[in-house]
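Chains as they are written, first to last, in our numbering: chain D, 1 to 289; chain W, 1 to 289.
Quick caveat, the hints were computed from the structure, so don't treat them as lab data. One should not assume that every hint holds.
Derived Cβ-Cβ restraints for the label pairs, each shown as a range [unchecked claim]:
1. D:Arg40 - W:Asn214: 37 to 43 angstroms
2. D:Arg56 - W:Ser268: 51 to 57 angstroms
3. W:Ala267 - D:Leu114: 57 to 63 angstroms
4. W:Gln169 - D:Lys273: 39 to 45 angstroms
5. W:Glu253 - D:Thr141: 40 to 46 angstroms
6. D:Arg257 - W:Gly81: 56 to 62 angstroms
7. W:Gly81 - D:Lys273: 20 to 26 angstroms
8. W:Asn155 - D:Thr141: 53 to 59 angstroms
The calculated lysine-lysine pairs, modelled on DSBU-like cross-linking and capped at a C-alpha distance of 35 angstroms, are [unchecked claim]:
9. W:Lys282 - D:Lys47
10. W:Lys182 - D:Lys78
11. D:Lys273 - W:Lys263
12. W:Lys27 - D:Lys282
13. W:Lys166 - W:Lys263
14. D:Lys263 - W:Lys182
15. D:Lys273 - W:Lys166
16. D:Lys182 - W:Lys273
17. W:Lys273 - D:Lys263
18. W:Lys27 - D:Lys263
19. D:Lys78 - W:Lys263
20. W:Lys263 - D:Lys182
21. D:Lys182 - D:Lys166
22. W:Lys282 - D:Lys282
23. D:Lys282 - D:Lys263
24. D:Lys182 - W:Lys282
25. D:Lys282 - W:Lys47
26. W:Lys273 - D:Lys42
In this text, a Cβ means the ideal position worked out from N, Cα and C, and glycines have one as well.
Read off the chains here:
Number of protein chains: 2
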Amino acid sequence: MSETLHIGRLAIIGVGLIGGSLSLALKEAGVVGEVVGCGRGKPNLEKAIELGVIDRYTRDPAEAVAGADVIFLATPVKTLGTVTEEMLPGLKPGAIITDGGSVKGEVIEMIEPLLPEGVHFVPGHPIAGTENSGAEAAFATLYRGRRCILTPTDNTDPQALALVEKMWQIAGSEGVMMGQEKHDRVLAAISHLPHMVAYSLVNAVGSYDHYEENILEYSAGGFRDFTRIASSDPIMWRDIAETNRDALIEMMEQFERFFSELKDDVASGSGEKLFEFFLRSKQLRDAIL
Amino acid sequence: MSETLHIGRLAIIGVGLIGGSLSLALKEAGVVGEVVGCGRGKPNLEKAIELGVIDRYTRDPAEAVAGADVIFLATPVKTLGTVTEEMLPGLKPGAIITDGGSVKGEVIEMIEPLLPEGVHFVPGHPIAGTENSGAEAAFATLYRGRRCILTPTDNTDPQALALVEKMWQIAGSEGVMMGQEKHDRVLAAISHLPHMVAYSLVNAVGSYDHYEENILEYSAGGFRDFTRIASSDPIMWRDIAETNRDALIEMMEQFERFFSELKDDVASGSGEKLFEFFLRSKQLRDAIL
Numbered sequence: 001m002s003e004t005l006h007i008g009r010l011a012i013i014g015v016g017l018i019g020g021s022l023s024l025a026l027k028e029a030g031v032v033g034e035v036v037g038c039g040r041g042k043p044n045l046e047k048a049i050e051l052g053v054i055d056r057y058t059r060d061p062a063e064a065v066a067g068a069d070v071i072f073l074a075t076p077v078k079t080l081g082t083v084t085e086e087m088l089p090g091l092k093p094g095a096i097i098t099d100g101g102s103v104k105g106e107v108i109e110m111i112e113p114l115l116p117e118g119v120h121f122v123p124g125h126p127i128a129g130t131e132n133s134g135a136e137a138a139f140a141t142l143y144r145g146r147r148c149i150l151t152p153t154d155n156t157d158p159q160a161l162a163l164v165e166k167m168w169q170i171a172g173s174e175g176v177m178m179g180q181e182k183h184d185r186v187l188a189a190i191s192h193l194p195h196m197v198a199y200s201l202v203n204a205v206g207s208y209d210h211y212e213e214n215i216l217e218y219s220a221g222g223f224r225d226f227t228r229i230a231s232s233d234p235i236m237w238r239d240i241a242e243t244n245r246d247a248l249i250e251m252m253e254q255f256e257r258f259f260s261e262l263k264d265d266v267a268s269g270s271g272e273k274l275f276e277f278f279l280r281s282k283q284l285r286d287a288i289l
Numbered sequence: 001m002s003e004t005l006h007i008g009r010l011a012i013i014g015v016g017l018i019g020g021s022l023s024l025a026l027k028e029a030g031v032v033g034e035v036v037g038c039g040r041g042k043p044n045l046e047k048a049i050e051l052g053v054i055d056r057y058t059r060d061p062a063e064a065v066a067g068a069d070v071i072f073l074a075t076p077v078k079t080l081g082t083v084t085e086e087m088l089p090g091l092k093p094g095a096i097i098t099d100g101g102s103v104k105g106e107v108i109e110m111i112e113p114l115l116p117e118g119v120h121f122v123p124g125h126p127i128a129g130t131e132n133s134g135a136e137a138a139f140a141t142l143y144r145g146r147r148c149i150l151t152p153t154d155n156t157d158p159q160a161l162a163l164v165e166k167m168w169q170i171a172g173s174e175g176v177m178m179g180q181e182k183h184d185r186v187l188a189a190i191s192h193l194p195h196m197v198a199y200s201l202v203n204a205v206g207s208y209d210h211y212e213e214n215i216l217e218y219s220a221g222g223f224r225d226f227t228r229i230a231s232s233d234p235i236m237w238r239d240i241a242e243t244n245r246d247a248l249i250e251m252m253e254q255f256e257r258f259f260s261e262l263k264d265d266v267a268s269g270s271g272e273k274l275f276e277f278f279l280r281s282k283q284l285r286d287a288i289l
């Protein structure tokens, strides 16, 4: 593969924050000829055209991928199998499919068996995002200074892998190679668990009606910041929770053990243990600043 | 009380983020003559002088409050009783003491019985903060656009209360009157519980060494933002957890019920229940944006 990259036609399946931002980054870098968007919501696709996120769109996946050199799948994880099936008739030989799914094991299981010989799949996951969704949320610098985890399998073509790595590099992200199982456990820890915690926290506090008034109105900046990720797209997170179940349950149980230990320390008023618990956490947190 | 406020001498006991920021706000507004700081750490007090947070300092609480019209207690909650005892010999008749403690029930119990007649106590809690601490962390606009909860008791002098409310107004905060019990429950929900959750989350993820490497290094902006409050001062939070135990335990149990419900939904793969759980949370969260 040469040092420069040019993608004649790029198909973005799912023109939201993730798909739209990759398109904008590659357009800004001048490495892509035409970007074809595909999605279900017409208003979102029209908006994407208006904002220059894509050049044209179709709602038919097979039509969207026709003639495409690279196809980026950025729809909720559970739809990736169906959408791959739907686009099969349009795929050209040598096409490279990659995805942005937050779970890799189940996604690979869904997609790999469907693909004809000569069509390449590179499973990927850019570690970036905001709590916003839709084409309007997309921006060219979302991936800058981030990492994109790639989880090649035994079937992954090395040249296709190199091209996808290069593509993410151009978007601003460092490519990191990782096994799919490790990816799914690491993400369960640093992303999926925190979302489950934030969603539970907002529900717990929001449902606390001891005073029959909305106590959330008293919440200061800290609470708002802390719970921002609880505003993330419920469909996306339903799919992640369903497809990364085992690793997520393992981490939820790990969290419960720590939370329960802390609750015991609070209940028994163990000042020293409380201090140690908080200090350990502060040190771990400060180390990743 | 007149519409304008002038505090001839203000004593700040504990010159950190909370105490220092009030001093800076009142200095900026030109409503304070002299600010005397008091604390245990000499380097921090020297820094506070250098930064113009206070005008002079002493490490003796009785000396610090001598001649002071208003005294603001901003040390960790559990020290407030001791510090009040220590300053008793210096208090002038008519002095007004107020505090910034995150817990009100125990603080009132500690302080009120100690005070001589003619010295006024107005329990308060400005709902503002960052994860930073020390005089260097203080800034004049910390309280702008925030609320300060005041929890007067049967013994609280109405004029002293009005003066403290006015003082916070000048610092930029709206005064909100609330019973001490309600304050402690509301704060347990919107502040103390989220801190316990964040501390537990960082410990749980940081202790997950399945791959014998620091997986926190993979954490993107979301995790860093979400866990910022886990960098807060461990001593301050030890004291809060010890002094607001009952309300905190109640909220921790409330959270555990929701988290456990969610875990069951993840385990059973109930897509519809997961979607509803996430959507409810998103709606609650978006309503406080």
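Each hint, compared with the structure:
1. D:Arg40 - W:Asn214: 37 to 43 angstroms: 40 angstroms, holds
2. D:Arg56 - W:Ser268: 51 to 57 angstroms: Violated, at about 43 angstroms.
3. W:Ala267 - D:Leu114: 57 to 63 angstroms: 29 angstroms, violated
4. W:Gln169 - D:Lys273: 39 to 45 angstroms: Because 40 angstroms falls inside the window, the suggested range holds.
5. W:Glu253 - D:Thr141: 40 to 46 angstroms: Holds: the Cβ-Cβ distance is about 43 angstroms, inside 40 to 46 angstroms.
6. D:Arg257 - W:Gly81: 56 to 62 angstroms: About 35 angstroms separates the Cβ atoms of Arg257 of chain D and Gly81 of chain W, which means 56 to 62 angstroms is violated.
7. W:Gly81 - D:Lys273: 20 to 26 angstroms: 22 angstroms, holds
8. W:Asn155 - D:Thr141: 53 to 59 angstroms: Distance hint for Asn155 of chain W, Thr141 of chain D holds at roughly 57 angstroms.
9. W:Lys282 - D:Lys47: This hinted pair holds, its Cα atoms lying about 24 angstroms apart.
10. W:Lys182 - D:Lys78: 44 angstroms, violated
11. D:Lys273 - W:Lys263: Within the cut-off at roughly 27 angstroms; holds.
12. W:Lys27 - D:Lys282: With a Cα-Cα distance of about 32 angstroms, the restraint between Lys27 of chain W and Lys282 of chain D holds, given a limit of 35 angstroms.
13. W:Lys166 - W:Lys263: 48 angstroms, violated
14. D:Lys263 - W:Lys182: Within the cut-off at roughly 21 angstroms; holds.
15. D:Lys273 - W:Lys166: The given pair, whose Cα atoms are some 40 angstroms apart, is violated under the 35 angstroms limit.
16. D:Lys182 - W:Lys273: Distance ~28 angstroms between Lys182 of chain D and Lys273 of chain W Cα, so the pair holds.
17. W:Lys273 - D:Lys263: 27 angstroms, holds
18. W:Lys27 - D:Lys263: Given that 35 angstroms is the threshold and the Cα spacing comes to 41 angstroms, the pair is violated.
19. D:Lys78 - W:Lys263: Given that 35 angstroms is the threshold and the Cα spacing comes to 19 angstroms, the pair holds.
20. W:Lys263 - D:Lys182: 21 angstroms, holds
21. D:Lys182 - D:Lys166: Holds: Lys182 of chain D and Lys166 of chain D sit about 22 angstroms apart, inside 35 angstroms.
22. W:Lys282 - D:Lys282: 28 angstroms, holds
23. D:Lys282 - D:Lys263: The hint holds at about 18 angstroms.
24. D:Lys182 - W:Lys282: Holds, at about 29 angstroms.
25. D:Lys282 - W:Lys47: 24 angstroms, holds
26. W:Lys273 - D:Lys42: OK: Lys273 of chain W and Lys42 of chain D at ~28 angstroms, within 35 angstroms.
In this structure, the hints that do not hold are numbers 2, 3, 6, 10, 13, 15, 18, in rising order.
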